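Protein chains: 2
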Amino acid sequence: MGETKKAVVLSSGGLDSTTVMAMVKDQGYDLYSLSFDYGQRHIYELEAAKKVAKAFGAKDHLVIKIDLRKIGGSALTDDIPVPKTGRISENEIPATYVPARNTIFLSFALSWAEVLCCPDIFIGVNALDYSGYPDCRPEYIHAYETMANLGVKAAVEGKIRFRIQTPLIHMTKARIITTGLSLGVDYSLTHSCYDPVPKGLACGKCDSCTLRIKGFAEAKVPDPTPYAKP
Amino acid sequence: MGETKKAVVLSSGGLDSTTVMAMVKDQGYDLYSLSFDYGQRHIYELEAAKKVAKAFGAKDHLVIKIDLRKIGGSALTDDIPVPKTGRISENEIPATYVPARNTIFLSFALSWAEVLCCPDIFIGVNALDYSGYPDCRPEYIHAYETMANLGVKAAVEGKIRFRIQTPLIHMTKARIITTGLSLGVDYSLTHSCYDPVPKGLACGKCDSCTLRIKGFAEAKVPDPTPYAKP
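These protein sequence lines map, in sequence, to chains F and S. Counted from 1, the first sequence has number 293 at position 221 by the numbering used here; the numbering is strictly sequential. Counted from 1, the second sequence has number 225 at position 153 by the numbering used here; the numbering is strictly sequential.
These aren't lab readings, by the way, just hints derived from the structure by calculation. A quick note: this is a predicted structure, and the numbers were derived from the prediction, not measured. One should not assume that every hint holds.
[Stated by the list, open to error] Sample of chain S residues with no beta-carbon within 10 Å of chain F, all distances over it, derived:
#1 D102
#2 D295
#3 Y299
[Said to hold, decoys possible] No more than 27 Å apart at the CA atoms, straight line, and that leaves these computed lysine-lysine pairs for BS3-like:
#4 S/K126 x S/K97
#5 F/K142 x S/K286
#6 S/K301 x S/K271
#7 F/K142 x S/K142
#8 S/K225 x F/K277
#9 S/K301 x S/K286
#10 S/K97 x F/K142
#11 F/K122 x S/K122
#12 S/K271 x S/K122
#13 S/K126 x F/K77
#14 F/K277 x F/K78
#15 F/K225 x S/K142
#16 S/K142 x F/K78
#17 F/K77 x F/K122
#18 S/K126 x F/K142
#19 S/K142 x F/K97
#20 F/K77 x F/K126
#21 S/K142 x F/K122
#22 S/K225 x F/K142
#23 S/K142 x F/K131
#24 F/K131 x F/K142
#25 S/K131 x F/K126
#26 F/K137 x S/K77
#27 F/K137 x S/K122
#28 S/K225 x S/K77
#29 F/K142 x S/K77
#30 S/K231 x F/K137
#31 F/K286 x S/K225
#32 S/K122 x F/K142
#33 S/K131 x F/K142
#34 S/K78 x S/K97
#35 F/K142 x S/K123
#36 F/K231 x S/K142
#37 S/K225 x F/K137
#38 F/K142 x S/K78
We treat Cβ as the ideally placed atom computed from N, Cα and C, and that holds for glycine.
Extracted from the complex, chain F is given alone in its bound form:
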């Protein structure tokens, strides 16, 4: 395995994945940041991901361009309006769900992890706040890990055992924020909004903004996000 501890970290430039980056860095890993340009309307994510990778001294930051718009099916990549409910439903699967998105993202992470000989892949999924996304649940993550270790050359040869690590999976948004702050995360670098207004200001109304605002409120710390005026 060599002396260095390497980690591939999926980074959206958002609050959750940036917190994961801080936690992984704190554990002494060399960071390999992986982002996707998937025709999402909020390209501000990618700018944020780049800043975050730089801020944490990532060894490499890879942006993979894939055109999920060809496949369709989500308000994040299609012309379906982003819902502005102002609240998150407990059971409903949101219209912003992208078909098999985490499955696709983890597959590229796995490919890169194999090339890097890196057993640890970190993803900032959360089973509480995003209860509506099936690919944020522990049973899905475990099944992914099993599949990964059966499908990759180095794992089948016994040279590596891949672990899909999900340090946020059972954390509240407030706890994610306080954890990140304790590790020195500058959340003004991050971008969560699904539907930013011009100049990249957060809308303050979409599900992602709603969760973020609620999280800062519950953590009782100031929210550094630049929101658009109502």
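Since the structure of chain F is already known, use the hints to place chain S on it.
Then chain S, alone, in the frame of chain F:
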């Protein structure tokens, strides 16, 4: 589920996936052909896949562009020379292995299948001829299917159950060819070579050509492949 039977079929334009297409068509499915432009050196594959989709009257043919060259690690996408052993080793994993390739391809297929409400995904993997590729084995395919049904909205909601179908998995190349011929496949449309010479002629020497030549010889039928002269 509706009345029509839909199938997403992974198509490389090669002998195996084209045979799968014929088998799926023969079972009365509407075909949704999916190919990848992944920086492979043999772009003739994509031309072949297009011809094949047209020949079988596919309802749609999607080409997803992804840049696996950024990730690296294979003779098919890097500058590593394609091996010309002239024979296939039984146990060794070939240098033409692309890290997590089938995992990535199946993930896009799954995403499209969800949007299409299509439970059946067909992939022309073969555990005999490609024994060196871990992601061509039944245990990997089963693990993928389990993961897929845990990670996709429609499956978790019980509206669909995805099946990763691998009709060639235990077939010899000769049997694949005779099956295809019995269904009217024109193998001159297909392209298998890993290292085509100019004008798209097959090299006749790489592992893929070697398997193909051997398959036609064992099937005792003429090989319509245009090979380069030695």
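Mind listing which of the numbered hints don't hold for this structure, in increasing order? 5, 11, 13, 14, 24, 25, 26 and 30
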